[in-house]
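Asker: This is what each chain is made of:
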Amino acid sequence: MIEEAPLDLGHGLTGVLTRPAQPTRRPLWVLLNAGFIPRSGPFRMHVDLARALAAQGFAVLRVDQPGVGDAPPKRGDDVAVIMRGFDRLGALVGADRFVIGGLCSAADQGWKIALADERVCGLLLLDPYAHRGAWFRVGQLQLLLGRGASALKTLLGRFTRRKRAPAIGDGNMRDWPALAAARVELGRLVAREVGVFALYTGGAAAYFTHRAQFAATFGAPTAAACVRFEYWPDCDHMFMRVQDRARLLQAIGDWGRAFA
Amino acid sequence: MTATIAPPAPERAGEALHEFAFAGAPDRRLFTVFRAARGPARAAFVLCPPFFHEQFLSYRLLSLVAARLAERGIASLRFDYYGSGDSWGDETAFTLDGVFADAGTALDELARRVPGVPLIAFGARAGAWPAARLAQRHRLPLWLWQPLTDGRAWLDELVAMDARERASRLRYPFIGTQPKPAEADRLLASYCPASLRAQIAAQSLDGLLAEARSADAALDLRVVDDERAAPLPQARQHVALPAAAAGWHARIDLRATFITPPVAACIDALAQAAPGEEAK
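So the protein sequences, as listed, match chains D and L. Using our numbering, read the first sequence as starting at 1 and increasing by one per residue. Using our numbering, read the second sequence as starting at 1001 and increasing by one per residue.
Calculated from the structure, these hints are not laboratory results. Misleading hints may appear alongside valid ones.
[Said to hold, decoys possible] Derived DEER-like restraints, expressed as beta-carbon distance ranges: (1) D/178 to L/1264: 38 to 44 Å; (2) L/1153 to D/246: 29 to 35 Å; (3) D/253 to L/1275: 46 to 52 Å; (4) D/137 to L/1156: 40 to 46 Å; (5) D/247 to L/1210: 46 to 52 Å; (6) D/97 to L/1090: 28 to 34 Å.
None of the values given here were measured: they were computed from a predicted structure. Quick reminder that beta carbons are idealized off the backbone N, C-alpha and C, glycines included.
Assemble the whole structure, with the sequences as input and the hints as a guide.
Answerer: Structural data, given as structure tokens:
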């Protein structure tokens, strides 16, 4: 049996807290907005995930950040807002350790919060930052070849087409660290033994096409025992297919056992 | 039943207060967002949201609509149908009969919160159907935002959109040469078995409005719709929504939602139509 209740954290943070029937001292999960999608998540992903984790004994807050869902407009530093939210969660439900993150911009925000706040013990990164680099090009080539005859036309087009202004993409829209900083930052998280689960989908193909990119981006810390990496090229960015969502919930639940 | 574990945040400058709560029977708890009017409420509306993926695509827009109307003295209660959004229930529990029942529960909750205040039924997209039913049963003014007039036509659109998404190389870059197979009982990721499809296909806004008219010949119907859409002949007022603000439901992604001045003018037109405006 699980319980759900609305929770107002102040400072524009509003959400729904899902809790197991029995009080828990386990870390509290905070699921941040995936882009501009409200707290229930794409296709209710956060609702299903919160209830599945509560069944495992975790409390989970799905929350609207400023400018999304029911929250007031963005006014300042979202990281500071979430950290004050942690304070309030501590006062309201006694939480003192947190697993944070989510999909897309939620991964970007979670990364920054994990670096800024030592109460974070787990970081969920779904389609987070990656550096393109040489492996990305290898992956792109594999991707094109997998498309059969139409790939040749695409490749020829690339060489013959007049150069156009680059399109606005993840690199412009997302809040990503520089490559060198990302390596140092993952090293800091690993030194704190923060559990990290980084999952890339095929939907991130604009910047991630090959599994070797993860280690190439973040370097030696990726080999740490507290870092888990997966690459699901057959899955889209929003986990639209029901089996992809089920697989995701299973993978996160398995990873979450480390915090039990 | 309502449950809160923290007091509402103090009212913030320039924003009307809103409060989350669960409402309804213990075995069918609905997530609600009540937004108080700034000052005494002259009217209040219950907002029946769109279905399926359109629920999350429209969420911010409808939250901002409610916020703007609250500033103009109109309280609101938004809610999620059982088995959708933040409400309880597995998605397989989402049915059209449930939708109509939940709208009634939400109206009761709103009436409890603002006793004596004139009520309005408000529906967006497929939410027009339960809102029209509320208007008929309770003889309420009816506001519709981009209403779906024909269930079968909408179903056909969803089926076509589902096929496009499954074949999309933007969504599935590694798809190869074959689209992803269709998922049994699902449309665009949402659970939609044959029984629900049949119910949706049978929905006709004309029919629902005719029923509402038979209950109240003076049905006060206001419609905000795409400027390219044909006005509903039953509407007392048709407010033209700029095409740029009307296409949010056509793509499965979500961009930032803002209330631009033309959209604000549409919302203000509704506010001017609300009970109590004449007395001001």
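Asker: All hints are to be evaluated individually against the structure, with a verdict given for each.
Answerer: Now the hints, each set against the structure:
Hint check: residue 178 of chain D to residue 1264 of chain L, Cβ distance near 40 Å, so the stated range 38 to 44 Å holds. Evaluation of the 29 to 35 Å hint for residue 1153 of chain L and residue 246 of chain D yields a pass: the beta carbon distance comes to about 32 Å. For residue 253 of chain D and residue 1275 of chain L, the hinted distance range of 46 to 52 Å is satisfied, since their beta carbons lie about 50 Å from each other. For residue 137 of chain D and residue 1156 of chain L, the Cβ-Cβ distance of about 42 Å falls inside the hinted range of 40 to 46 Å, so the restraint holds.
For residue 247 of chain D and residue 1210 of chain L, the Cβ-Cβ distance of about 47 Å falls inside the hinted range of 46 to 52 Å, so the restraint holds. At roughly 30 Å, the beta-carbon separation of residue 97 of chain D and residue 1090 of chain L lies within the given 28 to 34 Å, and the hint holds.
Hint compliance for this structure: no hint is broken.
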